[in-house]
Amino acid sequence: MLNELRKIQKKHGYVSEDSIKKLSKKTGIPVSIIYGVTTFYAKLHTKPTGKYIIEICDSPSCYLNGSLDIIKYLERKLDIKSGQTTQDKKFSLFIDSCIGCCDEAPAMLINGKPYTKLTKEKIDKILKKCKS
Amino acid sequence: MQIKVNGRKIKCDPKKTLLHILRERGIEIPTLCHQEGLEPQGRCRLCVVEVDGKLITTCDNYPQEGMKILTHTDKVIKSRRINAELLMPDHMAKCMIENKHHDLCKIIADLGITEVRFDPKKKYEVDLGASVIRDDNLCVNCGRCVDVCAEVQATWAIDFARRGHKEHVTPYFEHNLNDVACTKCGQCIAACPVGAISEREHLQEVYKVLKDETKHVIVQTAPSIRASLGEEFGMKPGTIVKGKMVAALRRCGFDKVFDTNLGADMTIMEEASEFLRRVKNNECLPMVTTCCPAWIKFMEHFYHDLIPHMSTCKSPHEMLGILTKTFYAKKAGINPKDITVVSVMPCTAKKFESVRPEMKSAVDYVLTTREAARLIRHFHVDFNNLKDENFDPALGISTGAGAIFGATGGVMEAALRTAYEFATGRTLRDINFEELRGMKGIKEGKIKIKGKEIRFAAANGLKNTRELMKRKDKYHFIEIMACPGGCIGGGGQPLPFSWEKIDKRIEAIYREDSHLPIRKSHDNPIVKQIYSEFLGKPLSEKAEKLLHTKYFKRSQF
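In the order they appear, the protein sequences are chains X and F. Counting in the numbering used here, the first sequence runs from 2 upward without gaps. Counting in the numbering used here, the second sequence runs from 1053 upward without gaps.
These are computed hints drawn from the structure, not numbers from a lab. Computed from a predicted model, the values in this text were never measured in an experiment. One should not assume that every hint holds.
Claimed, not checked - Only part of the chain F face toward chain X is listed, based on derived beta-carbon distances under 7 Å:
| hint | residue |
| --- | --- |
| 1 | Trp1208 |
| 2 | Asp1211 |
| 3 | Phe1212 |
| 4 | Arg1214 |
| 5 | Tyr1224 |
Stated by the list, open to error - Cross-link-like lysine-lysine pairs, in silico, DSS-like; alpha carbons within 27 Å at most:
| hint | chain 1 | residue 1 | chain 2 | residue 2 |
| --- | --- | --- | --- | --- |
| 6 | X | Lys82 | X | Lys52 |
| 7 | X | Lys82 | F | Lys1127 |
| 8 | F | Lys1515 | X | Lys26 |
| 9 | F | Lys1492 | F | Lys1526 |
| 10 | X | Lys27 | F | Lys1522 |
| 11 | F | Lys1127 | F | Lys1056 |
| 12 | F | Lys1515 | X | Lys27 |
| 13 | X | Lys11 | X | Lys48 |
| 14 | X | Lys8 | F | Lys1218 |
| 15 | F | Lys1492 | X | Lys44 |
| 16 | F | Lys1524 | X | Lys26 |
| 17 | F | Lys1605 | X | Lys27 |
| 18 | F | Lys1556 | F | Lys1526 |
| 19 | F | Lys1218 | X | Lys73 |
| 20 | F | Lys1605 | X | Lys22 |
| 21 | F | Lys1260 | F | Lys1158 |
| 22 | X | Lys26 | F | Lys1522 |
| 23 | X | Lys48 | F | Lys1218 |
| 24 | X | Lys73 | F | Lys1175 |
| 25 | X | Lys23 | F | Lys1605 |
| 26 | F | Lys1218 | X | Lys90 |
Unchecked claim - Beta-carbon label-pair distances, calculated as ranges:
| hint | chain 1 | residue 1 | chain 2 | residue 2 | range |
| --- | --- | --- | --- | --- | --- |
| 27 | F | Arg1169 | X | Gln88 | 42 to 48 Å |
| 28 | F | Lys1218 | X | Asp19 | 20 to 26 Å |
| 29 | X | Glu122 | F | Phe1170 | 37 to 43 Å |
| 30 | F | Ile1129 | X | Leu3 | 39 to 45 Å |
| 31 | F | His1217 | X | Asp70 | 18 to 24 Å |
| 32 | X | Glu122 | F | Pro1172 | 39 to 45 Å |
| 33 | F | Gly1216 | X | Lys90 | 27 to 33 Å |
| 34 | F | Arg1169 | X | Lys90 | 43 to 49 Å |
| 35 | F | Lys1389 | X | Gln88 | 51 to 57 Å |
| 36 | F | Leu1107 | X | Ser133 | 54 to 60 Å |
| 37 | X | Lys90 | F | Asp1390 | 58 to 64 Å |
| 38 | X | Lys123 | F | Gly1089 | 53 to 59 Å |
Note that the Cβ used here is the ideal one computed from N, Cα and C, for glycine as well.
The following block holds chain X by itself, in its conformation from the complex:
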């Protein structure tokens, strides 16, 4: 099921209600269970996402190295709360658990690509690059 959900997410950017229903019909697994699995994993999304999916880590290493400040900064910069998508559908911001970059904390992923040792200046640069 996970494989199927990842495929759906890759194709549409998120797992919609309709795609959960389709998957349920195909596999015979009840929709409530598929929804439970989808929401259990932070990397699967149930709402439409933007072009750039930012997943920022708040597990202990990143947290101790100031990920909270980075999250707040990102929220202010993008004018959204974590879990939301910007109005121009460019950025979605999610808080994730450990992404395995503890040695270079704080870290985040943009569309799966890691960005580490984050600072406010670095964020500015990255966002500028994405926007252009």
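Could you slot chain F onto chain X? The hints should help.
This is chain F only, laid out in the frame that chain X set:
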């Protein structure tokens, strides 16, 4: 196998969980997430004991040779207390108001917790369904509702979503229960140890009509209420309280107290006739009973290809409701618009059934057994010391056949008693169908009617129903009850749920049947009167119009 509990050696069965073993020995271990008959969860962490200095849960652990268990050390008590304290904040306010008997209230009292140290969470919207209300803010994530819905009812309307502190129980995509394939059976209410799921109350509306002088308010009570209502007033499970119940409802201000068992007798007249017609014409067999509204909804969601096989008979309380507003209204000379019919049912799905448009509001309000008890307490009626009274005779004489509707297999038994005599014209000598009694999930049997072998089956619990539906073509006649044990184990019955109670209530119902002077629906004098004066005969045009209904296809999600 031998283990040591609090220093005393005991012999035990290695296949039983520690919780089971300890409770058998009279050692009370608190737990919220455990329910007999469901898979152990180990979620609530209240059932911990100490083994070699470590805390382990007892509900999902088994004994090992030489194990030394300590059940009430400081460490154990401290752990149980903090867990209970973390679970209690939201619950306390509700229980102060409603005075319910939840498992959590008892645990809090037993642990001697007297203050609330943590803040309530309050972050979810309350799901106000037509039958079932779900308040996630009270939920302690024990998972019993999820398990009942999946393991007993095979409906999977709810499951856990998200994880960590965001984990909560929900239908898919955070929909309301009204918008998903939920049968409204209410088994999740029976399973919930904290009252986070409850029935949609119709009490306030009933109080209002009782005060309204212009309304002629009629109450009817389902077959299984008389076997369970006493529990709400401290009586032993299986006590029949028919007389007291009628007396109490009169004290509450109802103008007439009618017996849904009569509705059940009417259902049998129609259903048995319909069955014989189908056998004669060999059309749409097996025929499936339709007394259970949760089963109807389940069928409409998941088995809608069965619609032609469903009997078209309305359920007993709907039949009695419409007869009250037609037959009785005419006889008593009351404008049907001034009549309000209140049903006391063991069932939350009946609440949904009563608001189906095709039922045309024959029944105005449905109260569960628990609500009926609250109503009686509201009017300060001393239930236990009431003298027995009888139902109002206008629509209040019933038979043993109607009485056993409350237990799984009962509808089938009652229908066969009548169908046999209708078809053959001979008296059925042994009217007890033992093969249809008891708690088995699927029961089956056969009977010869006019040389033709009729095979019948009855299932209780929707998971068993799914099993039975795989081989439905073997049978001519099928009865389905959604709740374990039939209506007697319904989602509106007194809490907490236990299999032992269900057994006792079933015994009581069959005892009631065997003591009644009339035990076949077609011998009921009122039934005869209704047909001779009003409907003509079973399946007449008028009967079809008033007592029969139709079903609709619904989404499987």
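Hint check:
A hinted interface residue such as Trp1208(F) counts as satisfied when its beta carbon comes closer than 7 Å to some beta carbon of chain X; here the least separation is about 3 Å, so the hint holds. Annotation: interface hint on Asp1211(F) holds; nearest CB of chain X at approximately 4 Å, less than 7 Å. The closest approach between the C-beta of Phe1212(F) and any C-beta of chain X is roughly 5 Å, which is under the 7 Å cut-off, so the hint is satisfied. Given the 7 Å rule on beta carbons, the hint for Arg1214(F) holds: about 5 Å separates it from the nearest Cβ of chain X.
At about 4 Å, the closest approach between the beta carbon of Tyr1224(F) and any beta carbon in chain X falls short of 7 Å, and the interface hint on this residue holds. Our distance criterion of 27 Å between C-alpha atoms is met by Lys82(X) and Lys52(X), whose separation comes to about 17 Å. Under the criterion of a C-alpha separation no larger than 27 Å, the hint pairing Lys82(X) with Lys1127(F) is inconsistent with the structure, at around 42 Å. Among the hinted pairs, Lys1515(F) with Lys26(X) is consistent with the structure: their alpha-carbon atoms are about 19 Å apart, no more than 27 Å.
For the proposed pair Lys1492(F) and Lys1526(F), the alpha carbon gap of about 19 Å is at most 27 Å, so the pair holds. A threshold of 27 Å between alpha carbons decides the hint, and for Lys27(X) with Lys1522(F) the separation of about 20 Å falls inside it, so the pair holds. Proximity of Lys1127(F) to Lys1056(F) is assessed by CA-CA distance (about 18 Å); at most 27 Å being required, the pair is judged to hold. A C-alpha spacing of about 21 Å is found between Lys1515(F) and Lys27(X), which places the hinted pair at or below 27 Å, so the restraint holds.
Under the criterion of a C-alpha separation no larger than 27 Å, the hint pairing Lys11(X) with Lys48(X) is consistent with the structure, at around 13 Å. A C-alpha spacing of about 25 Å is found between Lys8(X) and Lys1218(F), which places the hinted pair at or below 27 Å, so the restraint holds. For the suggested pair Lys1492(F) and Lys44(X), the alpha carbons sit about 45 Å apart, so the restraint of at most 27 Å is broken. A distance of roughly 23 Å separates the Cα atoms of Lys1524(F) and Lys26(X); the hinted pair therefore holds under the 27 Å criterion.
Annotation: proposed proximity of Lys1605(F) to Lys27(X) holds, straight-line Cα distance about 20 Å (limit 27 Å). Our distance criterion of 27 Å between C-alpha atoms is broken by Lys1556(F) and Lys1526(F), whose separation comes to about 32 Å. Note on Lys1218(F) and Lys73(X): the hinted pairing holds, with a Cα-Cα distance of about 20 Å set against a maximum of 27 Å. This hinted pair checks out: Lys1605(F) and Lys22(X) have alpha carbons roughly 17 Å apart, not beyond 27 Å.
Distance check on the hinted pair: Lys1260(F) and Lys1158(F) sit about 33 Å apart at the alpha-carbon level, beyond 27 Å; violated. Among the hinted pairs, Lys26(X) with Lys1522(F) is consistent with the structure: their alpha-carbon atoms are about 19 Å apart, no more than 27 Å. Distance hint between Lys48(X) and Lys1218(F) is fulfilled; the C-alpha atoms sit about 17 Å from each other, no more than 27 Å. Among the hinted pairs, Lys73(X) with Lys1175(F) is consistent with the structure: their alpha-carbon atoms are about 22 Å apart, no more than 27 Å.
Proximity of Lys23(X) to Lys1605(F) is assessed by CA-CA distance (about 19 Å); at most 27 Å being required, the pair is judged to hold. Under the criterion of a C-alpha separation no larger than 27 Å, the hint pairing Lys1218(F) with Lys90(X) is consistent with the structure, at around 26 Å. Between Arg1169(F) and Gln88(X) the beta carbons are some 43 Å apart, a value that agrees with the proposed interval 42 to 48 Å. Distance hint check for Lys1218(F) and Asp19(X): the Cβ-Cβ separation is about 24 Å, which falls inside the suggested range of 20 to 26 Å.
Checked against the hint of 37 to 43 Å, the C-beta distance between Glu122(X) and Phe1170(F) comes to roughly 41 Å, which is consistent with it. The hinted range of 39 to 45 Å is satisfied by Ile1129(F) and Leu3(X), whose Cβ atoms lie roughly 42 Å apart. Judged by the Cβ atoms, the range 18 to 24 Å given for His1217(F) and Asp70(X) holds: they are separated by roughly 22 Å. For the pair Glu122(X) and Pro1172(F), the beta carbons lie near 42 Å from each other, so the given range of 39 to 45 Å is met.
Between Gly1216(F) and Lys90(X) the beta carbons are some 29 Å apart, a value that agrees with the proposed interval 27 to 33 Å. In this structure the hint that Arg1169(F) and Lys90(X) lie 43 to 49 Å apart at CB holds, the actual value being about 45 Å. In this structure the hint that Lys1389(F) and Gln88(X) lie 51 to 57 Å apart at CB holds, the actual value being about 55 Å. Separated by about 57 Å at the C-beta atoms, Leu1107(F) and Ser133(X) satisfy the suggested range of 54 to 60 Å.
A hinted range of 58 to 64 Å holds for the C-beta pair Lys90(X) and Asp1390(F), which are about 60 Å apart. Distance hint check: the CB atoms of Lys123(X) and Gly1089(F) are about 57 Å apart, consistent with the given range 53 to 59 Å.
Checked against the numbered hints listed earlier, the structure breaks hints 7, 15, 18, 21; every other hint is satisfied.
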